[in-house]
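Novice: The listed protein sequences derive, respectively, from chains F and Z.
All the letters of the first sequence, read from the start, carry residue numbers 8 to 345 under my numbering.
All the letters of the second sequence, read from the start, carry residue numbers 63 to 382 under my numbering.
Everything labelled a hint here was simulated from the structure, so no lab data went into it.
Think of the CB as a built atom: it goes at the ideal place given N, C-alpha and C, for glycine as much as any other residue.
Don't take every hint at face value.
Unchecked claim - Ranges between beta-carbon positions, derived for each pair:
1) F:GLY86 / Z:ASP275: 41 to 49 Å
2) F:GLY47 / Z:GLU249: 21 to 29 Å
3) F:GLY139 / Z:GLU376: 15 to 23 Å
To be verified - Subject to a maximum C-alpha distance of 27 Å in a straight line, what follows is the list of computed DSSO-like cross-link-like pairs (lysine-lysine):
4) F:LYS331 / Z:LYS156
5) F:LYS296 / F:LYS338
6) Z:LYS261 / Z:LYS285
7) Z:LYS314 / F:LYS64
8) Z:LYS169 / Z:LYS120
9) Z:LYS285 / Z:LYS169
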Amino acid sequence: MARQMIRDVIRDTIDAEMARDENVIMLGEDIVGGMGSPGGPEAIGGIWGTSGGLWAKYGSDRVIDTPISESAIIGAAAGASLTGKRAIAEIMFADFIGVCMDQIWNQVAKFRYMFGGKSKCPIVIRMPYGAGYNAAPQHSQSIHAMVTAMPGLKVVMPTTAADVKGLLTTAIRDDDPVIFLEHKALYGVKGEVPDGEYLIPFGHARQVTQGDDVTILATGMMVGFAEKAAAQLAQDGIGCDLLDLRTTSPLDEEAIMDSVERTGRLLIVDEAPPRCSFATDLSALVANKAFASLKAPIEMVTGPHSPVPFARELESAYVPSPDKIVAAAVKAMSYRRG
Amino acid sequence: MQHSREALIQAYRQMKTIRVFEERLHDEIALGEIAGFTHLYAGQEACAVGVCEHLGPKDYIISTHRGHGHCIAKGCDVVGMMKEIYGSSDGLCKGKSGSMHIADINKGMLGANGIVGAGAPIAVGAGITAKSNGTVSIAFSGDGACNQGTTFEAMNMAVVLKLPVIFVFENNHYSEHTGESYAVGAESMTVRSAAFGMKAIKANGIDFFSVYDAMRELIEYCKAGNGPASIELDTERFYGHFEGDPQRYRGKGELDRLREERDCLKVFRTKVTEAKLLEGADIDAIDAEVEALIDRAVAESKAAPRPTADHVLEDVYISY
Ligand SMILES: Cc1ncc(C[n+]2csc(CCOP(=O)(O)OP(=O)(O)O)c2C)c(N)n1
Ligand SMILES: [Mg+2]
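Put together the whole structure using the sequences plus the hints.
Specialist: Right, dumping it as structure tokens:
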């Protein structure tokens with residue numbers, strides 16, 4: 008076990024997979040950083056610090072620094088993956104998915120199905136997402152609902168250093184397209200990472216806290232916020248069963264149902280806006296499959312129906328907070344059927 | 063050089079305002095008072111001002127993530143801009159945009175833009191309006207943005223529709239940390255633009271007069287119904303890609319050399335004083351005036367009202 012920052016775990020995991028399989032390649036803007044500059048290649052090593060040293064080790068044919076061309080990055084990653092490579096593409100900010108949506112939605116996601124199951128497209132699309140940097144409406148969004156809604160994509164949202172290693176390894180070895188969403192605010196977070204080969208299968212939630220009163224479902228940065236809220240609620244005698252879902256597609260329905268059947272109350276925390284969202288999706292699932300277990304209406308703590316605003320005060324009002332999570336849990340607890 | 067004294071003073075005042083605005087932001091950001099990503103325009107002033115001095119409020123421009131210079135040159139309120147960057151509810155965009163999305167539609171400034179390459183297609187649309195108004199539409203892009211498919215589509219569409227759109231490529235030789243020579247496959251942006259079937263020229267982006275004269279020609283050309291045009295401006299960025307960038311991709315002594323040899327403000331001063339169009343004292347007076355303006359902008363921004371949680375849902379068409 009080593010204690011590492013998430014950004015370093017990402018780099019080391021990619022490194023291990025590139026060493027293991029020479030078909031693994033990487034593409035993205037400034038992932039080498041410094042190409043064609045006086046400082047030379049690796050002057051920067053990726054703006055998120057997730058690819059330093061890889062170009063020096065694997066060279067320009069495998070670590071491909073691209074022009075600013077998101078459509079061509081995803082298209083090229085798709086083409087390479089259809090023809091025998093395993094491409095890891097980086098979209099610098101998840102918001103830029105807008106630029107390459109066709110390649111993701113109509114191409115990558117649909118190949119296997121529309122080619123009658125005769126193709127593989129082992130591509131991982133890494134996308135830093137989320138608010139917390141006051142980066143304003145076009146650099147702060149949580150886009151998981153959109154990609155989770157697309158048949159043909161697997162969607163991973165890791166929160167701990169260990170999960171990053173286990174899930175990224177699984178993603179790279181997966182024969183199907185995986186969207187790997189990295190919350191920007193978590194890159195600097197440290198955690199214990201298992202040594203050696205470590206894979207976590209998709210579709211298994213992580214139990215963060217155990218309790219019998221309220222089930223809390225969360226992903227990404229919201230997991231840490233919910234954990235804080237759960238600690239506070241525990242002091243008031245409210246036990247939270249907090250699940251970090253880890254992958255939104257496939258979804259660990261079993262863990263969700265088991266928990267809700269036990270607690271009878273559900274609180275969903277989602278950084279994204281509330282309409283047609285991951286929160287409403289989970290809510291519909293539980294209302295449909297565990298209605299009889301519910302003792303209170305399902306609570307959702309989400310971002311508002313607005314873009315992510317810039318100013319500090321506005322962004323912190325936008326993002327769900329531990330306080331809002333506590334309030335929603337208390338509301339669920341105090342509900343009485345009329 | 064046929065410029066009235068007033069025109070020269072105005073051009074210099076605009077360039078100097080941009081410079082001091084950016085230098086001041088550099089200092090304020092280091093103090094930690096300003097949130098978010100800020101990309102400074104210092105070094106490129108002759109580009110924005112050389113273009114925008116030709117334009118009126120019914121001419122449109124669309125900018126990039128490095129937008130402060132374009133905003134100021136197009137007449138956005140400097141104090142309102144500073145307040146926006148500070149995140150005040152009194153800012154030009156009510157604290158919703160910060161540095162990266164400042165816009166003032168009434169001034170024909172269609173926004174700074176956080177998505178590289180998003181501007182050029184929007185400029186084509188503004189070009190449809192401009193064609194009916196007898197005005198022009200300008201898309202500012204960089205040597206990085208020129209590689210986006212959106213930029214290619216916009217250039218071709220403007221040619222096909224014969225629109226009065228001018229694609230201004232500010233070549234500061236870097237896109238983030240990547241050198242232009244690595245990322246631009248064509249010999250130049252000019253050659254590439256010409257291949258789309260439009261008039262394409264180059265100008266010296268650290269010389270206001272070079273930019274201004276070239277733009278006069280292009281604007282006349284576009285307004286005469288000849289379709290779009292492109293101009294590549296050789297220029298320099300004096301700070302990092304964003305504030306906080308360690309700039310390890312720069313060469314040794316590169317920034318000192320650029321500031322010494324390729325400073326558009328110094329070039330302007332030398333030219334106008336040597337030609338006896340303005341005196342050193344005229345320029346010093348503008349410098350003092352601009353410093354005072356920026357001092358006031360910062361002081362007012364620090365004292366300006368802050369937004370509150372209920373502002374989050376303001377200006378969303380439908381609230382839930
Ligand atoms: C679609 C998209 N891709 C990538 C980025 C990240 N990014 C912001 S600025 C930039 C470089 C732009 O270079 P250039 O067009 O030369 O403009 P300059 O920064 O030199 O002004 C990049 C890659 C972005 N904002 N949007
Ligand atoms: Mg550039």
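Novice: Each of the hints needs a verdict: does it hold here or not?
Specialist: To see whether the hints hold, each was checked on the structure:
1. Taken as a hint, the range 41 to 49 Å holds for the pair GLY86 (chain F) and ASP275 (chain Z), whose Cβ atoms sit roughly 46 Å apart.
2. For the pair GLY47 (chain F) and GLU249 (chain Z), the supplied restraint of 21 to 29 Å holds, since their beta-carbon distance comes to about 23 Å.
3. Under the hint 15 to 23 Å, the C-beta atoms of GLY139 (chain F) and GLU376 (chain Z), about 22 Å apart, fit the expected range.
4. The suggested pairing of LYS331 (chain F) with LYS156 (chain Z) holds, with an alpha-carbon distance near 25 Å, which does not exceed 27 Å.
5. For the hint pairing LYS296 (chain F) with LYS338 (chain F), the CA-to-CA distance comes to about 22 Å; that is within 27 Å, so the pair holds.
6. Taking the CA atoms of LYS261 (chain Z) and LYS285 (chain Z), the gap is near 13 Å; set against the 27 Å cutoff, the hint holds.
7. For the proposed pair LYS314 (chain Z) and LYS64 (chain F), the alpha carbon gap of about 25 Å is at most 27 Å, so the pair holds.
8. Annotation: proposed proximity of LYS169 (chain Z) to LYS120 (chain Z) holds, straight-line Cα distance about 7 Å (limit 27 Å).
9. Among the hinted pairs, LYS285 (chain Z) with LYS169 (chain Z) is consistent with the structure: their alpha-carbon atoms are about 20 Å apart, no more than 27 Å.
Checked against the numbered hints listed earlier, the structure breaks none of them; every hint is satisfied.
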